[in-house]
Structure formats: C-alpha cells, structure tokens
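Go by the hints and put chain H onto chain G.
Protein chains: 2
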Amino acid sequence: MTNKQLILRKRPIGLPEADTWSLDENPVPEPAEGQMVVRHHYISLDPAMRGWMNETRSYIPPIPLGDVMRAGSIGEVVASKIDKFQVGDVVTGWGGVQEHCLTDEKNWYKVDTSLAPMPAYIGTLGMPGMTAYFGILEVGKVKEGDVVLVSGAAGAVGSVVGQIAKIKGCTVVGIAGGPDKCKYLTEELGFDAAIDYKNENVASALKARCPKGIDVYFDNVGGDILDMALARLRMHARVVICGAISQYNNTTPIKGPSNYLSLLVNRATMQGMVVMDYAKDYSKAAMEMGMWMMQGKLKSREDVYEGIENFHETFLRLFNGEKKGKLVLKVI
Amino acid sequence: MTNKQLILRKRPIGLPEADTWSLDENPVPEPAEGQMVVRHHYISLDPAMRGWMNETRSYIPPIPLGDVMRAGSIGEVVASKIDKFQVGDVVTGWGGVQEHCLTDEKNWYKVDTSLAPMPAYIGTLGMPGMTAYFGILEVGKVKEGDVVLVSGAAGAVGSVVGQIAKIKGCTVVGIAGGPDKCKYLTEELGFDAAIDYKNENVASALKARCPKGIDVYFDNVGGDILDMALARLRMHARVVICGAISQYNNTTPIKGPSNYLSLLVNRATMQGMVVMDYAKDYSKAAMEMGMWMMQGKLKSREDVYEGIENFHETFLRLFNGEKKGKLVLKVI
Numbered sequence: 000m001t002n003k004q005l006i007l008r009k010r011p012i013g014l015p016e017a018d019t020w021s022l023d024e025n026p027v028p029e030p031a032e033g034q035m036v037v038r039h040h041y042i043s044l045d046p047a048m049r050g051w052m053n054e055t056r057s058y059i060p061p062i063p064l065g066d067v068m069r070a071g072s073i074g075e076v077v078a079s080k081i082d083k084f085q086v087g088d089v090v091t092g093w094g095g096v097q098e099h100c101l102t103d104e105k106n107w108y109k110v111d112t113s114l115a116p117m118p119a120y121i122g123t124l125g126m127p128g129m130t131a132y133f134g135i136l137e138v139g140k141v142k143e144g145d146v147v148l149v150s151g152a153a154g155a156v157g158s159v160v161g162q163i164a165k166i167k168g169c170t171v172v173g174i175a176g177g178p179d180k181c182k183y184l185t186e187e188l189g190f191d192a193a194i195d196y197k198n199e200n201v202a203s204a205l206k207a208r209c210p211k212g213i214d215v216y217f218d219n220v221g222g223d224i225l226d227m228a229l230a231r232l233r234m235h236a237r238v239v240i241c242g243a244i245s246q247y248n249n250t251t252p253i254k255g256p257s258n259y260l261s262l263l264v265n266r267a268t269m270q271g272m273v274v275m276d277y278a279k280d281y282s283k284a285a286m287e288m289g290m291w292m293m294q295g296k297l298k299s300r301e302d303v304y305e306g307i308e309n310f311h312e313t314f315l316r317l318f319n320g321e322k323k324g325k326l327v328l329k330v331i
Numbered sequence: 000m001t002n003k004q005l006i007l008r009k010r011p012i013g014l015p016e017a018d019t020w021s022l023d024e025n026p027v028p029e030p031a032e033g034q035m036v037v038r039h040h041y042i043s044l045d046p047a048m049r050g051w052m053n054e055t056r057s058y059i060p061p062i063p064l065g066d067v068m069r070a071g072s073i074g075e076v077v078a079s080k081i082d083k084f085q086v087g088d089v090v091t092g093w094g095g096v097q098e099h100c101l102t103d104e105k106n107w108y109k110v111d112t113s114l115a116p117m118p119a120y121i122g123t124l125g126m127p128g129m130t131a132y133f134g135i136l137e138v139g140k141v142k143e144g145d146v147v148l149v150s151g152a153a154g155a156v157g158s159v160v161g162q163i164a165k166i167k168g169c170t171v172v173g174i175a176g177g178p179d180k181c182k183y184l185t186e187e188l189g190f191d192a193a194i195d196y197k198n199e200n201v202a203s204a205l206k207a208r209c210p211k212g213i214d215v216y217f218d219n220v221g222g223d224i225l226d227m228a229l230a231r232l233r234m235h236a237r238v239v240i241c242g243a244i245s246q247y248n249n250t251t252p253i254k255g256p257s258n259y260l261s262l263l264v265n266r267a268t269m270q271g272m273v274v275m276d277y278a279k280d281y282s283k284a285a286m287e288m289g290m291w292m293m294q295g296k297l298k299s300r301e302d303v304y305e306g307i308e309n310f311h312e313t314f315l316r317l318f319n320g321e322k323k324g325k326l327v328l329k330v331i
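Respectively, the protein sequence lines represent chains G and H. In terms of numbering that gives the first Met the number 0, the first sequence is residues 0 to 331. In terms of numbering that gives the first Met the number 0, the second sequence is residues 0 to 331.
The shape of chain G in the complex, shown without the other chains:
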C-alpha cells in the first residue's frame, strides 16, 4: 500500500499548469509518539490555495517547493499515538493533497458524521463557512434591512454569506456566472436577486437590482466587479475584502479599485479578513450554522470530483467557473 502525494514543484506564473506539481508515491508512514496517520476521504479545494503557491509574503507562509500541496482535508484515523484521537475517529485539519497524512494533533478536530456528512465539515461547517460567518457578521456587521451584495455568490463562501444575510433580515443580491448559478441563488438559496456577470452588464444590473445602493459588499472576486460595487455604495457602507479570485492568476499587476474614493464620498470602510483570526469562536459558529442547516435555513452544496490523479483539472474549476458550490476532491 502506497501513499500518493501531490508535491509542489514550481511557483506558477498565471494559471498553474500540470507540471506545477508531481504526483509521488511513497510508503504509508507510521506514527511516532504524539503522531497519527489520517486516511483522507475528502480534500478541500479553495481559491486561497493559489495564493499560498506564490513566493510573496502573505497571511501564512508560502508552501515550500518540494512540500505536499497545502489543503484542508477530512478523513479517518488509521493509526494513532495520540491519546485524544483513536483509530476510527473522523477528523478534519490541514492534511494536504495526499491520501494519507502523518501529523501531530495541532489544528485537528474530531467531527460527528451522524450530524453532517464529511464534505460539509470542509465546506459550510469548515473554513469556507467560517469565512462567510465571521466575514458577514463581524466585518460586514450586517443588520436587518441592509442591502447586501456578494460576488462569487454561488461559491462555497458566497453562498453561505448570502444565506446568513437573509437569515439576518437583509435584502441580498448575488453575482455569479451563468443562468444556472443565478437560478440556484434565487430559487434554491432564497437570494432576492442575482446578476449573471457572464451575460449581463453588471453596472446597469446593479443599478436595477440595488436601486438604493449597497450597505455591505462582500468581495470574493476583485477586479472590475469590485469597482462597480464601489460605485454603488451607500453612506457608511462596509466592504469586506475576502478574496480576489479574478486576480489570483494574473501575470500583470493586480488591478486596484479605481473607485476607491467612493470610500471617502460615502464615509465607507473597506476591511480585509482572514478566517484564522476567529479560530477561538469556530465552535460557536459551527453550532449556530449547524442549527440553521437542521432548520433548513442554510443549505450547502458540494461539487465532488474523484481521484487525486485528477487534482490539476479539478483545481482549475475554481477559476474557470465550472463548479457548483463547494469544490471537493474525493480520494477514497
């Protein structure tokens, strides 16, 4: 039995090509004292992974060349020399893109698969869900009656942002690519309106669907859409900078928001966030979101692809829009 591991081999320029990584086969490791081996079932694919591949300073260190590609994961403990984790436990953590992960206990959590299926724990109850929860509530500070705009709205973070804003009594407009995703937002997730950025003029759609302007803009995409949202801010608006997927594979400098002086005109705030800062409150958030899921107020959808061999083409779905909901790689 071998352990297939996806190793980062170069720092990509633009969209990563297949030879950015190598797929190595190594022996399944044995745990030393204080370690365990997790057999991965699902690996989380997230846009942020693209940033971790760059050499530049960011909120966590770059993935070193020659290391396993960093990723969130969930699986079953198959060998353990850690008291708190037993063989058979289902655990989630930063296991990376590999079939088996040898790790200490740091940042690993046991989960209960009778309450939610495994992929939910790396989606709505995992990093993307936490990002949405703390981003829209703590940074966006939404309150009843706010007009909330979210980009990347059909994605793992955006779909949760919009649903939480609806739960809080906001009017919610989502921006997504294509009629299917837009229909999903309004018909399944309860968004008030959607804008199809691939087939509509976003500036005029924003004018029509947010006629009074925007109180909170939750930005996952950056680029032109950020600029168009800035142009529609209301007084004292909050802009949550969560990501900038339109810019992650740039080979030219990042496009800064030309309309940033709208912050001045509207006494508005633009604030960045990183989910790790809220780690101490994850369990509180998971309980509240779990409750909403049980009540049917918060829906989650995972788009599952199989096989570590298919990592590259699956990873590209993050950037070409060919996915619906949270992107997950099944490895068992």
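The set of hints was computed from the structure by calculation and includes no laboratory data. Please note: incorrect hints may appear among the correct ones.
Note that identical chains are pooled: a pair holds if it fits in a single copy or bridges any two copies.
[Said to hold, decoys possible] With a cut-off of at most 35 angstroms between alpha-carbon atoms, the simulated DSBU-like pairs for lysine-lysine come out as follows:
hint: 1; residue 1: Lys9; residue 2: Lys206
hint: 2; residue 1: Lys140; residue 2: Lys283
hint: 3; residue 1: Lys211; residue 2: Lys9
hint: 4; residue 1: Lys9; residue 2: Lys296
hint: 5; residue 1: Lys211; residue 2: Lys105
hint: 6; residue 1: Lys279; residue 2: Lys206
Relative to chain G, chain H alone:
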C-alpha cells in the same frame, strides 16, 4: 465700490486653465431681513475645491456653472440684519471666492481674533485642522507607540496630522516634496523622519524609515504613494482616505491601489472621511487645538498670496507643490 466675484464658467478637464472662471464686478449687495454682508479678508484654498468643480456625484453637490466659486473664508461683517451678528464681528464660513459675501447665518461662526490671527481660523482651527484632528483621532484611532505615516505632510492637513500624532506619542514619518519641506517637518514640526518623494525612492525610504511597518497611514495624495504605503502595513493597520491630490487633475481614470489586498493579508481597514460629519464636535476640537497652539505643541504656517485677480495662479500652487503650509488668498 464694487464686489469682485470669481464665477465658475466651465467644468475643467485636467488642471484648470484660466478661462475656467471669469472675474466679474458687481455691486456690493445689501442685506435683506435675516441676511448679512461679510467683507472677506482671507479666502481658503484647498485641494478639495478641485473635486467640487466636477459634475460627478460627491459628498457635496458640484458648484453650479455660473455660481461663485465655493471656498471657505473669513472676514468682517459690514452690514447685518441678523440679530446674532453685528457690524464689526469677525466671522468665518463658506463665503466663496469674492470680496463681499451676502449670506444668511447658516454655517457662519464668530471668531475671536485676539486668540489667533484670521488665517489660523481657516487653517489649523478651520476645515483643514478639523480634518486632521478627526481623521487621525477618530478614523485613524492612533494610540501611543503607533508608527504613523502621512503624505502631503507639509500641507495644511498633513502638518497638523503629524503634530497631533506626535502629541499622542506616536513615531511620525512625513512624505513631502523637496528638501525644504522635509526639513520643515523634522526641524520645525518635530516629525521623527521625512521622505522627499521628489528626490528619493519612496519604497526604499519607507523600508528604511518605517522598518517595522506602518500602523496608521493618513493619505492625502493617492496614486503610487498609497500603493507603497499599503505594501508596508502592519497587522490591524488603519488607512485613512482623506484625499487623493495626485489624481484630482487626471484626464485618465483614477489609479486604484494595486496593493489593496494588503488589507486582507494584514486584517487592515481603509476608511474614507469627510470633515463635515464631525461638525457637532468642532468646538471641542478647536478648544483642544487652541490649547496645543498656545503650549507651542501645534504650529501652523500659512502661505499667503494677495489679490482675487491672482486666484488662478495661486490655486495652481495646490497642485504643483509651490506652497508651504496652508494656502490662503488675501483679498483686502
């Protein structure tokens, strides 16, 4: 006796040319009930005036074509049918670029010229000083030990920002154009360091003079300097967007900050401000700043030019850097 009035005749593209305004001579007006006539002594020239000349939506309506050019002013009441203002009172308000102003009492305040000279009331104790005070304290939220960077540091707003930050126990670095202004910052105003953007590489100077990064950046200029400051933010930094003088005369779209994702990496906040929002606390601020001035902790410098006929060339000094401190036009 006539009243010379500077009338806005066209919406300039780029740097305003002389024929943007006409200088008209009209009879000195007589006050009706509830009105007074103020004989202007000094008119305030501020970068924000350039924005008010554009047709685009902003924090106050554009100056209508055919109207007197909007400006802050100070002068003496020469005729009054308002109970609270007597002939001989020195008053400040939005009198515009004209020798005499006919106005009601709204937004006019009596000042005491035995405490401070007239130009100080349209400078450090006027709109620029208030902008600095509320911007650095309420929006920038400076606290002891912070590293504060301010651009346009030798100007009416920036020079007060830096001095208040010093009073609050911060390390203060100012960016200004030319060795004279930089010397003024460090030798007269007590800044810890200065960066001469006309003769230094700002990026490396920032690295050298803010080796630990920046806690608060007070931005008056926008453009490349904003980008370089963003690249040096510390965790939880605050960026105060007060103005963008480098962009006001653009004939191309405004340059947005490419490095805005530093807000995400550093969980930082970028917030716009408009001084009018703090009007109810102006008197409190004026008292505190007046005290600092008397104690010698807060210095102000006005650069006074004479004659309403010289408005155009004097106004251009706001943008070509050829002024020191607060720019004022003396009209009597």
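Broken hints, numbered, in rising order?
4
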